[in-house]
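Student: In order, the protein sequence lines correspond to chains A and B.
Here the first sequence is numbered in our numbering, starting from 1 and rising by one per residue.
Here the second sequence is numbered in our numbering, starting from 260 and rising by one per residue.
Keep in mind the hints are simulated off the structure, nothing from the lab.
Given the structure is predicted, the values throughout are model-derived calculations rather than measurements.
One or more of the hints may lead you astray.
Cβ-Cβ distance ranges computed for the label pairs, FRET-style [to be verified]: (1) A:G188 x B:A314: 40 to 48 angstroms; (2) B:W411 x A:E160: 48 to 56 angstroms; (3) A:A240 x B:S958: 20 to 28 angstroms.
Calculated pairs, DSS-like style, for lysine-lysine (alpha carbon to alpha carbon, straight line, at most 30 angstroms) [stated by the list, open to error]: (4) A:K2 x A:K186; (5) B:K285 x A:K2; (6) B:K344 x B:K358; (7) A:K2 x B:K358.
Even for Gly, the Cβ is constructed at its ideal location relative to N, Cα and C.
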Amino acid sequence: MKAAAFDLVRPRTVADALAALADGARPLAGGQSLGPMLNFRLATPERLADIRTLAALRAHAETDDTITWGAAVTHAEVEDGRVPDPTGGTLRAIAGHIAYRAVRNRGTVGGSLAHADPAADWISALTALGGSVRIAGPEGEREEALTGWMSGAFATQLAEGELLLSVTIPRPRPGARLAYRKLCRKEGEFAMAIAAVLDDPARAIRRVVVGATDGAPIIAEGADAGPRAHAAIDAWPGEAWKARLLHVSLDRALGDIAA
Amino acid sequence: MADGGSGKGVGARLPRKEDDRFLRGKGRFVADIRIPGMREVAFLRGPIAHARIGAITVPEAHRAAVFTASDLTDVAPIRAYSGLKGFRRSDQPVLATGKVRHVGEAVAMIVAATRAEAEDIAGLIDIAWEPLPALVDMAEARATTTRVHEEWPDNIVLETFVDDDLSDIAATAPIVIRRSLRTARQCMSPIEGRGVVAEWDGRLDQLVMWSSAQMPHITRSGLSECLGLDHGQIRVISPDVGGGFGYKGILLPEEVALGWLARRIGAPVRWIEDRFEQLSANANCREHAYELTAYADGEGTLLALDCEAMVDAGAYSSYPFSACLEAAQIASILPGPYRFGRYRCRTFSVATNKPPILPYRGVARTGVCYAIETVMDAIAEATGIDIETVRQRNLVRSEEMPYTNVTNKVFDSGDYPEALRRAAAALDIPTLRAQQASETGPVRTGVGLSIFCEQGAHGTAVYHGWGIPMVPGHEQAQARLTPDGVLELRIGAHSHGQGMETSLAQVAHTILGINPAAVRLVHGDTALTPYSTGTWGSRSAVMSGGAVAAACETLAKRIAAIGAHLLQAEAGSVRVEDGSVVAPGGASVTLREVAHTWYRAPQLLPRDVDPAGLDVTAGYKPLSDGGTFSYAAHACAVTVDTETGFVTLGRYVIAEDGGVCLNPMIVDGQVLGGTAQGIGTALYEEMPYDGEAQPLAASLADYLLPGAGEIPRIAIEHMETPSPLTRFGQKGIGESGAIGPPAAIANAVNDALRPLGARVDALPITPRRILEALARAGR
Ligand SMILES: Cc1cc2nc3c(=O)[nH]c(=O)nc-3n(C[C@H](O)[C@H](O)[C@H](O)COP(=O)(O)OP(=O)(O)OC[C@H]3O[C@@H](n4cnc5c(N)ncnc54)[C@H](O)[C@@H]3O)c2cc1C
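Same shape as in the complex, but just chain B (with noise of 0.2 angstroms):
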């Protein structure tokens, strides 16, 4: 047993220790802090895409409690700049400053004694709008003349180009595949908004923010920037934290405000997001579009890929991963878990009047995902070959892991071509298929694979490749025995979901041998914890569990030094285990022992003991920056009702393999997830807009999430490859379920559809997509 045997260490299916409390509602999220003398915040937005800001009036009795850019002269904007060559600077104010560039952008910041004043106010000042031309589409952006912002030439934020010249390919290749793929654009969902209650404290001299916040160290670095005050005058706290996906992870415009307004005024200030801000005006992520040229030979070897990719970045870029994120990670993840060796790949990110576009859960990768899979699709298709064979003939084989593909993506370790056989076998194929062949009637179903794998926990090299302002390094964590023996340990990373309070104390327990119940993860506070860059893309197990196992090996060494002097044995010889101190004769001390002696009968110590203590800081990174490479095989069935274009979800398998899993439970929670989110991006979810960039779907009425009521059941077969670069073998995993639906969903359909000569080509495919395209079939 990966564990030990103990049933709590490493590898075990412990029960969530924090699901205790959030069962039972006893979980403290921001929305539930009080604080004596509290007031309200909320935020005129602008009703318009693009307008210059002309006369704000503001009446009489209310000007005290209106802000506006004209009051914040000694805020700085939000600036998230990248290093790439080329990338575009823009700043984003933090109230409207001149014109708005999307709607919901805020204009003015009213603090009254309750919510609902604040938006009565709100509704009583007065803006001379002065319109602008809206730019609501990517492609027309690129052409206009309008610009988001003045001082550039055009809309581009970015170009990326991978460039080769694939002409003798094109002149030989005997199959060619096009395809011109577009993604919805989508808001992120977590069921708790954001939020922000942040106070002055005089004694401190100090700002104390609580929010919703994924990524607090980060935040803190921001608000620092904006604000002009050092990070020892800013302490965030993130305290439960109900679901981030990435949303939690950027600075908002208001985290800023509302740290300049709590001084400002002396009093302590709130700001609870609501669903509206949420849909209209802040969490957007995702849109894409692909034009993809594939070149194959007979067998189905895809011989060369050309892609031009487009990314619809909003009108900002968001701190800190800035605009150049989804765009760069396009060009350098398409290629996905094959083979091949030729590859041009051209990508935009372009300025548009709505919201900036934000990481979500599998950033980029959901979206390469479904590009690279409907071309594996469509070369089955023009080869005759089956669906899963096509893809086996090109994927990276596990005998030559480590495998550099094409991009230069070291992949670490695997079975790829098995994760697929796998899925494949579980789903079977071949009675779908008769079931197929049967089938006349209005009601068809489809077959649908995918394949991907989920770069990691990636460091220093690369982020500073990107050049934006968060640059992870070594990650830290604190391990500390109090008197009575209780583990304390303190990590950066924040955990919102994703289990860290059991899954670290697992870790503890795998060295030091302390029950899990006796370990206390303190996360969540810049105050409490080591600098770190936070929990996002897939790598707070890789990098917060291999720095809390360093730093409970050091601890167990300074432990056992004093537990063999309390035995009267040699240094060398005591082992720990089990939450205790055990002599070769097997004699013991408990750690409780142990740290009664440190703290409370220091007289006792050996004369030579290290006076460090027991508490210790240690830093991890793992032995490469490249990250870690999950992968996973997603295989599902679907029944199309051509009639209506609904699509039902039949079976749905996954193989995937995280390498070792510190909590394979956990580990399947967020597969699970994950693939609900997949789900919703393949079926649902979609923000559009009007001409003018209007949002048209501001609220969950017209917003649609996929349910429990949509979500199939979900057969997960895992594997266990462990990554030759992390502590205990383990993989970044986080993201891995919401990247595989939509390429397996959206193959699924369009293998349904085909017999009927229709084909879905974009995101998410709703009825209407599947109705106009069986109406272009003649259907």
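This is chain A alone, in the form it adopts within the complex (with noise of 0.2 angstroms):
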């Protein structure tokens, strides 16, 4: 299936942008999940504002206590390490294995963050980070947590007329281990489950993060967080065989933590 027609303006500055989402148009970032549902008529907007190159959304910022992605920066890039990674290595890793490389080119942090998929990546790894996003829009900038950031299946606090410009990341302590696993079926292929595990010591922090749960994911923090993520498992309405994969994740990702 083809696209229905639409118009594409290509945004210089995050102004223009925002003055164009204001007048209709719909960001396209990397196009790695909008363009299938433009193909399949899923999405029919009438403007999309090409927001992959804007100077803003492309750079990074580093602090002492945090490091911040702009929300154009690809897959392939933290996959092959042209941004800082906080963790020492692990979302590049985690990078690394989303769907397939030609996938990764183009598909960039902010559109997975915004598409908000259950099953993607960076809504968990983040989460577990406890990452923020900086959004822009018709009333100024503001910052959302990413634990509160998804309120359903590609669901988000995201508003229309609003870009989101960054995702900020705080940089654990020594000491710290995030821990990270994935089901999938195929290499390429979205999870069936995922658990990721932030245990920081220094700051005294244990939050656990389970995804792929057809919705918002499970969120728990403090020290009984695991077990606390286990019950809600228990209590998830999804099928038997679903949740023990849930269950096998997190206990994994626990596992790596206390190894």
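With the hints as a guide, bring both chains together as one complex.
Tutor: Put into structure tokens, the structure is as follows:
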């Protein structure tokens, strides 16, 4: 199937992009999720704003406590180490197992967070790290913590007309570990279950995120985050065999932390 | 050396000539064809599985662009009837007429400047649907009063019955095995989908159609029947075709519709199938259910097999193979390579509101191999005899060849036990058993075997028996030497991955000594090639190989006669070798010189020269219509993660015998590609339907195909038992790889699960099925 007709605009600045969005345009980043939706005519926007080359969205920055990736940083750029990885390699490895290289070359971190597929990798991984996103809209800019980001499958705090600018990730302290497990039947497929666990003793943080739940991820924090996440999976309404996969991925991620 | 030492003849591992253009991206597929003024077609497809079509409302502005069944009044429906007793006839309308019988059935054809605009118009058409109950499951369809075809008394397309009274055995057999097995509905997934470009040529009064088709002559016959044009008014061209697997042997309603449209609007038109259409509406295959009862003695000898099988045939009978092929073959080939003598099998082909089931590489064979090999493992388990020995006790032995089995198949030659022995030995089962014995954790090793024989190149008598629109007879080939000594071969079969541009050049080399580089294969054009049913049923190496050999042999005689004259030698004394005619004293003339003489210096020809010249049409049939039987044993190790239900393939070994291989490297490629597809059948591929018969895996995000990462290293051991029936002793082996893997892998997974008391009885073996089986076993 072929996409319905649309206009394509190429804003040069965030302000131009916001103006385009105010004019009804929908952001187009790597097109790796939006492209199929257009072709299936599940999305029929009249206008697309190509935000992939906006300098502000391509940038990355570091402070002593955080690193920030522009929304248009691609999975491949993370995989290749072209942007800093606060976990010392875990995020690079996660990036390297998103889809296939051809998809990673174009797909963006911001597009993934905005699209909010429950089985997407960044949603779970960056939520576990305590990440937050910066959003620009008609009313100015604001910051949203990823822990409250998804309200359901493909549903986020992002309002119409808003642009995701960047994601900021607090640096784990020395001694911290991020464990990430996803269960995928074949290389490149979306996960059947995801578990991400951050253990950062110096900041007294233990955060568990269980993804691929068909909705917003299960998030638990605190010393007993593991057992509480397991209990949440028990209460999860999905099929028993899928719940089992969620439990297993969580057990394995917790095991990685304990190892 | 089989090829006579030149490294280029039959038996040589010659690199494929066609790969040069494919690897450089220079192939030409239907979607590469551009004709000035060409318009694009989209189809509006029914969104409901079973519904009456009420009023169709097309916006006034687009009336001229939209065509429905009411416009195609001069088009006959597609009719693929079988002559088998009791076969229920049905017509497949080119555009849905009265009602739709499956999701995706084409209701309207829209033509526009671009595909996107055609789809825009499709979105504006309003159809008043009156939904009817949808028949999703074949068992349910047997029981209900709802009819897929109103005029039928039930939903049974065909019932077949091989009868035997097994009560004596049932009363005494010490071991009785029962199994209920299911295989999923799959979708064939050639990398290139279907596609059609059609143009009406006013000068020739002829429809010219480029189609991604593997049987262009049969497509032409089907178009002729539907469009009411004589064969001369139709030319079908199959350019490069990116994989066929059976899907591209089918006459599609879309081909008929575009053929009609090109003439009607007087402009070239094209339709390129997209993956959504292929998955949701078109390429369905394989859905079987088996109820098996097997009787064995304490030594593991299979005494009798009793089976009731069902095939979900979908809504229509596809052209030319018809809706009988799958189930009728189940009955005839379920006994596999085994020698048991008592057999009873009833099969039902059942119509449902799903797309028609089409023949896929290893038609019926993949399912029956899974069924009988499951039985073999069950006997091994019940008797405590190991899985290799149990099979050895039941296989037809080499000294019994040719062997007529319980369904009257005549196995031509081979050593089945040796293939099994080699595959099992290469797998090293004792080491794997020791590994299993030490396992206590969640990851369990399993060992699986399968063995099967594959009937290929079966001909006239077999297909006449089925009475379908296509009965293969003699296969023809043309061999023509051009004025500059190039050999043009013309075959009616088509090469779409089989490497025939190379292997048939090797055949020509074996007979004429001509360099394969100087051989051109012309195929895939009804205007340029002799009639053929095409490439299907593992037949082209045997049939086209035999026909090319026959044509080259006749050509060689004519070349020799002219060459002898030029050499002033006795006609009978010269030899044709190495691209030359050689006299006893060693003097020689090249084929090029002979060709030059015939075409451009005929004054030099002998007075009694054969006036038919250097252009030969020859026909060929093997010594029997019953076909060749290649065979293979697959042996594999798997590990099953019993926490996740994930299966990892370990060592995978195939011992196969395709008789004399025209090109063993090409055979390896066929076996490897087929095995990858078999792994898809075993572990990944499934088109599920919901309760309303809506397909649930309409994109490749949901319809999982194995990728390179999922295919283990596969070791192939060759055996070479010539077929006594064919020109070089070659056997059909094109489908082989796709047949063995589901059985071997399912057996291996169940072997791994056995200590936990769990078993999976359906394909594909997904994490879900494994976890649910474990849960049923209390794990
Ligand atoms: C075959 C395949 C396999 C895949 N497998 C995986 C996988 O295993 N794991 C995984 O995580 N992902 C997977 N993906 C998805 C991939 O990661 C996509 O890149 C990602 O989901 C979307 O990013 P994008 O840049 O392509 O966004 P687009 O497709 O361009 O946009 C997606 C949505 O986000 C909106 N959007 C994009 N950028 C912004 C922004 N800056 N501000 C506001 N809204 C925005 C768009 O309007 C659209 O609604 C897969 C994709 C494919 C095609």
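Student: Range first: 48 to 56 angstroms. Now tell me if the beta carbons of W411 of chain B and E160 of chain A are that far apart.
Tutor: 53 angstroms, holds
Student: Given the hinted pair K2 of chain A and K358 of chain B, is their Cα-Cα distance within 30 angstroms?
Tutor: Status holds; Cα separation ~27 angstroms.
Student: Is the hinted pair K344 of chain B and K358 of chain B satisfied, with a Cα-Cα distance of at most 30 angstroms?
Tutor: 28 angstroms, holds
Student: Hint says 40 to 48 angstroms; check whether the CB-CB distance for G188 of chain A and A314 of chain B agrees.
Tutor: Distance hint for G188 of chain A, A314 of chain B holds at roughly 46 angstroms.
Student: Does the alpha-carbon distance linking K285 of chain B and K2 of chain A stay inside the 30 angstroms limit?
Tutor: 26 angstroms, holds
Student: Holds or violated: K2 of chain A with K186 of chain A, Cα cutoff 30 angstroms?
Tutor: Since the Cα atoms of K2 of chain A and K186 of chain A sit roughly 28 angstroms apart, the hinted pair holds (cutoff 30 angstroms).
Student: Is the distance from the Cβ of A240 of chain A to the Cβ of S958 of chain B consistent with 20 to 28 angstroms?
Tutor: Check passed, 27 angstroms falls within 20 to 28 angstroms.
The structure is consistent with each of the numbered hints, conforming to all of them.
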